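Residue-level listing of the chains:
Number of protein chains: 4
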Amino acid sequence: MESLTQAFGQATFPSPLKVSFQTENFIEDGKDRVLVDISLEGLLKASRPNSGHILFQPSTFELAGPREKIFWNPDSLKVAIVTCGGLAPGLNNVVQNLVTFLSDRYRVKHIYGVPYGYQGFTHDPLTKRFAFGWRRLDSLSVQNIDFEGGSVLGTGRGHSNPISIVDALMLRDINILFTIGGDGTLAGANAIHQEIKRRKVPISLIGIPKTIDNDVLWVSKTFGFESAVGKAVEALRCAQTEARSAYHGIGLVKIMGRNSGSLTATAAVAMNDIDFVLVPEVPLRLEGQNGLLNAIVRKVLDKGYITIAVAEGAGQDLFPPSEIEKDASGNEKLKDIGKYLQKLITDEFKARNIETTLKYIDPSYMLRSQTTSADDSVFCAKLGQNAVHAAMAGKTGCMIGYAHERFTHVPLSAVSMGKKRLDVNEPLWLSVLAATGQPSYWG
Amino acid sequence: MESLTQAFGQATFPSPLKVSFQTENFIEDGKDRVLVDISLEGLLKASRPNSGHILFQPSTFELAGPREKIFWNPDSLKVAIVTCGGLAPGLNNVVQNLVTFLSDRYRVKHIYGVPYGYQGFTHDPLTKRFAFGWRRLDSLSVQNIDFEGGSVLGTGRGHSNPISIVDALMLRDINILFTIGGDGTLAGANAIHQEIKRRKVPISLIGIPKTIDNDVLWVSKTFGFESAVGKAVEALRCAQTEARSAYHGIGLVKIMGRNSGSLTATAAVAMNDIDFVLVPEVPLRLEGQNGLLNAIVRKVLDKGYITIAVAEGAGQDLFPPSEIEKDASGNEKLKDIGKYLQKLITDEFKARNIETTLKYIDPSYMLRSQTTSADDSVFCAKLGQNAVHAAMAGKTGCMIGYAHERFTHVPLSAVSMGKKRLDVNEPLWLSVLAATGQPSYWG
Amino acid sequence: MESLTQAFGQATFPSPLKVSFQTENFIEDGKDRVLVDISLEGLLKASRPNSGHILFQPSTFELAGPREKIFWNPDSLKVAIVTCGGLAPGLNNVVQNLVTFLSDRYRVKHIYGVPYGYQGFTHDPLTKRFAFGWRRLDSLSVQNIDFEGGSVLGTGRGHSNPISIVDALMLRDINILFTIGGDGTLAGANAIHQEIKRRKVPISLIGIPKTIDNDVLWVSKTFGFESAVGKAVEALRCAQTEARSAYHGIGLVKIMGRNSGSLTATAAVAMNDIDFVLVPEVPLRLEGQNGLLNAIVRKVLDKGYITIAVAEGAGQDLFPPSEIEKDASGNEKLKDIGKYLQKLITDEFKARNIETTLKYIDPSYMLRSQTTSADDSVFCAKLGQNAVHAAMAGKTGCMIGYAHERFTHVPLSAVSMGKKRLDVNEPLWLSVLAATGQPSYWG
Amino acid sequence: MESLTQAFGQATFPSPLKVSFQTENFIEDGKDRVLVDISLEGLLKASRPNSGHILFQPSTFELAGPREKIFWNPDSLKVAIVTCGGLAPGLNNVVQNLVTFLSDRYRVKHIYGVPYGYQGFTHDPLTKRFAFGWRRLDSLSVQNIDFEGGSVLGTGRGHSNPISIVDALMLRDINILFTIGGDGTLAGANAIHQEIKRRKVPISLIGIPKTIDNDVLWVSKTFGFESAVGKAVEALRCAQTEARSAYHGIGLVKIMGRNSGSLTATAAVAMNDIDFVLVPEVPLRLEGQNGLLNAIVRKVLDKGYITIAVAEGAGQDLFPPSEIEKDASGNEKLKDIGKYLQKLITDEFKARNIETTLKYIDPSYMLRSQTTSADDSVFCAKLGQNAVHAAMAGKTGCMIGYAHERFTHVPLSAVSMGKKRLDVNEPLWLSVLAATGQPSYWG
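Protein chains in written order, with our numbering: chain A, 1 to 443; chain B, 1 to 443; chain C, 1 to 443; chain D, 1 to 443.
Keep in mind that the hints were calculated from the coordinates and are not lab data. Please note: incorrect hints may appear among the correct ones.
Intra- or inter-copy, both count: the list cannot distinguish identical chains.
[What the hints assert, rightly or not] Calculated cross-link-like contacts (lysine to aspartate or glutamate; reagent style EDC-like; alpha-carbon spacing at most 20 Å):
| id | residue 1 | residue 2 |
| --- | --- | --- |
| 1 | 109 | 302 |
| 2 | 343 | 317 |
| 3 | 350 | 287 |
| 4 | 221 | 405 |
| 5 | 333 | 347 |
| 6 | 299 | 138 |
| 7 | 339 | 325 |
| 8 | 335 | 281 |
| 9 | 420 | 405 |
| 10 | 18 | 68 |
None of these values were measured; they are calculated from a predicted model.
Here chain A stands alone, though its shape is the one from the complex (with noise of 0.2 Å):
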């Protein structure tokens, strides 16, 4: 784990917490850590001679928490907080507990918001003017923003240039930064870690992982993924009464889920007689005995209504790649499959002669705009929380990973090997499959 202290000095400061904290609350970084693979099989495999090594790493990480001694001196500290990307629920709530941790408990008196993500830092490097105001930060002004969704500082998707961004930083006398992000932002945020040691300027950089599709890696579960769960299953709720109240009736919702099924088939399984799901990670064949059309057929004659559950990057196959186009960023524009399918579905009952009532349902938005269920508040708070020790206990070039109920440091180095999909042969899959009763591939 990389720390300030590697290279400017032990953290000699006692921690605020001390006052309420008993020492053996405090974590060791040596001695406390947890294995990244829990099963007694990665655990022998690792174990094996010649290889003890590989048991410490990577198979553990350090675990998240308070220490007892801090590398900062909190009475002239300066911190900066930005949110990048798309909304999540809950960014709020972090940048809540960041506020009154660093305020309340280690009594930061300096701590602003930049504002719409990276973008906040552009300025010019002549008169030194920043594009957008920096917002002052404290526990008063965060007091109430849990009760709103978005981002209180704004957000946005623009690039990361990390030479200009460690400008700004060393321009605004900034010791840590905390950047609340998916895993484009996490890598950007490690270009500019790289900066940072480049230019051996001690300013902390700690990552907060954010995505609703749950795609990044190390992490078990996202701050909003829960929230947004509870409006999916609202979404799939309505579609599956309109489709019980209907003869032959069918309801279609499209879910959000890029490159990751996990939203769509978590909130499957919340929901009792979903009949199919279908994700990114599972091919989509539509024709032939073994088709979906084929299947929904059958099943609406045989049950008298269904209920579908499409991720939104599922079955982006099926588009001719003539027709694909991409976004500003570069990215692939994903063709809209829950119009799509709902256009090949009623086409088949007309052409099959069978009478039915398809209601699609795009919920978009209101997945990610709303504000956090209780357990997700919980979990931004403790985010919110560990990231603060971290900092000041001087970590950097971390984000805060979450697996088997444990929060970590993960090196951001780590975080951009790639993104987490859902895995076809993992519990949360087979419990799609044994809710549906759909079969394990189309086709």
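Please arrange chains B, C and D on chain A, whose structure you already have, making use of the hints.
Relative to the frame of chain A, chains B, C and D by itself:
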């Protein structure tokens, strides 16, 4: 008010409610009537010499409620309930209240649910076989149906054939039919009622108005409307959150309402800080100095973000007539004004070279397939109770109306006089103008 | 209707709303009035020879709404807002609407929040120092206060001293005072208004009725009532669930309502399957063949489980007068009828040797400290808007009333005529009797 | 892990899940185990020479999930389900998932619900008559039971008589019994399991842990806990609102938790701005410089208002032993710490002559009788599925555990080792200390 007592003799059975009610609580037909127009101006007009009779008809409606004597002997009574048209929150509550009231208070033993709307009467006149099974209903079978959205009976849009339906009612010895539906359904109910009268058979037909758009005449509110407003507010809040969290953010929400902007306007008033409300009743002009697009650009630049609520029926005249399609029933298919505005606004900002982020939300069926708010539950309970009181007293050919906080009996013939729309001179729309600051007309 | 125009000259400033409103949308004082009693019977009585004048006064109220000419020049206007008494959902919505309307529509620049109710006017007449700081309010500072329950201004029960309060208003150059509160507060407001008149100073005082119990005269509903009903229904549903899940289960819920059973009755009607509803308006008799205890035992044995809703003010005469205590303000402290019934019922079953499980729920302040339902938000918006219209037009000494779906101006003197209670001959209570099957009186 | 295969021969029936699952998805008994302690420290300790065997037992649990071969032939199988003890959100979801899984996936045809807990097994050994009718369950009869709180089977606290219960199971030819309940119920289940073993009859008994207090060993979370947290947060928010809206306001909420402060602590962490969290695990001292009362007064004066969350089991040692009563089952009745604190705090402020307003909320059963959050629904689904997989594979005498995000099989004998409590050295309590700033001990 039409009543079976006119043709078939007096209501002679004492109401079973006498056990718990005291005598003075019952409504007296001749005496208890309420004014249609409660303004002083309307009253003075009505009470001018030689116009006194206008005062009574049609400017008062009979008050709904329990009568001391009832027309039907509950013991042998057979009752049918049918739900028609699209879903609205509260359908199950109304059915539940009809059933528990009939069975627990009036001791009616034979109650049937007719499935899938008027389709449920379909039968073969020769074999007397019905296409769909009717469902026996009692207090236990409807105990928790208010926990679900939709209609447990099933609903459908099929046209009514009065002759066939009255045949079906007679085949099944039905004495009372409750039809729950919108203006189309109620027009159908009137035709059935005329056929019943023509045949001189003692069958009570009571309509219960259902319209998520709140566009039925003589009812100031309809069941499910408030619940739908609640969900529309949720969608608006999400759009507002997206807009506030982005630089030059725009949130756009499309809300149900083919002919009436009532739902859209009410939801907008429930919110703070909505900027534009677009309804079918106010012609939409996009171009020019005083057009919508210019107003939007100005407000985004001035305020930083905006939120727009658009009723699905708004701005339909913007589409070339050649593009208009009709559905199976001959109704014009609405063009998607939401998607259209999304494109127009985005293009306008691009043309003016102003950065913006527009998020479009279409909550569609989520507004109508949910369960009821507490207040809607109360309203459904009272509607159901008053419908049962009316039927048991021998009333027929009427709908349960609601105006000025009173439930009334409204002749079905009066219902088909027209469709209620939003009055742009009335308080609701003035509240919208005052809350948004938008002009009273475009262009 | 009292108006500052009577003493200080005509309303001559054109309404700033003219920009968006068209002329015909404005209310005309003489012309637009609505009937207090809308029944035909009431009307006939009022229009009998020699009683025609009764028709106009007091049987009509002036219609609330925007006037074309306003009395005040917005530029220099100073406005104060005070919230008094206990909490109700929507206090913040009303404050928010007052502020945004005053500032965004009428361009008023100086708006102050008075803290902790009438206490907030406390000042030293010599030093002119105020005990509590007043808070400056504008559109931005109230932007999200509707996301919180309670009152951001703070509220309090302190008595009003009209002389000191008018002194305070004059010290601070206040032109308009909005007081939001219940019947005590409004009586206080009337005393302040009389003192203002006595001093012949041009200050508009507009009251906004607030009562979670719905017991203010001339208003058919009050803000927060529906939201409170929603939470009461939740508590009832929990009690019902506990009852249904246990052998011979009894669920008992105590609901707010010192003098009026309106909240309890409304919540009970919203539910299916409530068995007993106990309110202050119907004397409670426990013992004997037709007493409550016997009815409870019979229904538990017959049906298997029951749910009871009791208003906190019900059955107070069951307690010996010697036990009555008074609080600081001289009001009688209510005895806890919920706990009392819990013990009595448990003992009764024990005495009869019948197994039972009784679960008691007292949601208390949870009914009043929450945020608003969508419908309540709409109501608060309209209340706030109409209060601002009234004040700007120079109206004074009045409360914004609501009856028969119209907002009105009700003289404060008429408000103190009495307290509204549940009328046991009215539809609401009849719905309760019909829904529960309980007798109209006990014993 | 105990399994019927040990005594009655191999699991030879192919799993009906093979149709939709692919072979590699099934769990292998010997291979798939997970660590109980996932810290590196624990691991090193376990893998020291001569202690290697500890690694496998008890420090790993068998992984739950579907097996490729099953023990039971579904055709003739008879299954019983019983819910015991107090309510928890999700009881119906678990029952629903057991039933739909058994019937839709494993094609089990005979499933019975045993009413009112272990009482439902009561029968006359001579006449073989059962005191309560068992209810036949299938997919349709449980379709919407997750829309209701409580247990549709009925639940009860009655003691278990293992001999009589095994008699009942054999009389009814039951092959699998699912018991859903807390530690008492699971201890009872273990006794039943021992009796089954003694009789050498092939009956699978699978326990499903239920505890709103989250105090069962080997399960890091229990169903309904998150939903209860959600409601506790609501109560805390109401109390906080009351406190903020009053001068020197104090909000006090009592939250379920006889032995564990887990629910109280979690709810407090979900909130911003809670001041005191009182749990059974931390002794309460009221008096003195470092006592609670002094801390409360200081914070009210300093901050203006405070919010206190107290677990019902906190501070029980403050009551004189003479006051302790026992209930029918011999458990000590908790004294009402909420009411007690309310009086003490009010008196303290009175004694110090400081104005205050204290509002006390006891949401009690509202925490446990509601329906589930989406996340709890997912958890219930997985619990139910894994219980069915375990039973069908012939597992017995075990409970479905959950730790480190994995479902496991935990021997019932291990469950009765003790009761889980809040560890004041663990992250959750440290989060509470950090969030509130309260000291780690009182006095």
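Of the hints given before, which are not true for this structure?
Going through the list in order, the structure violates no hint and respects every one.
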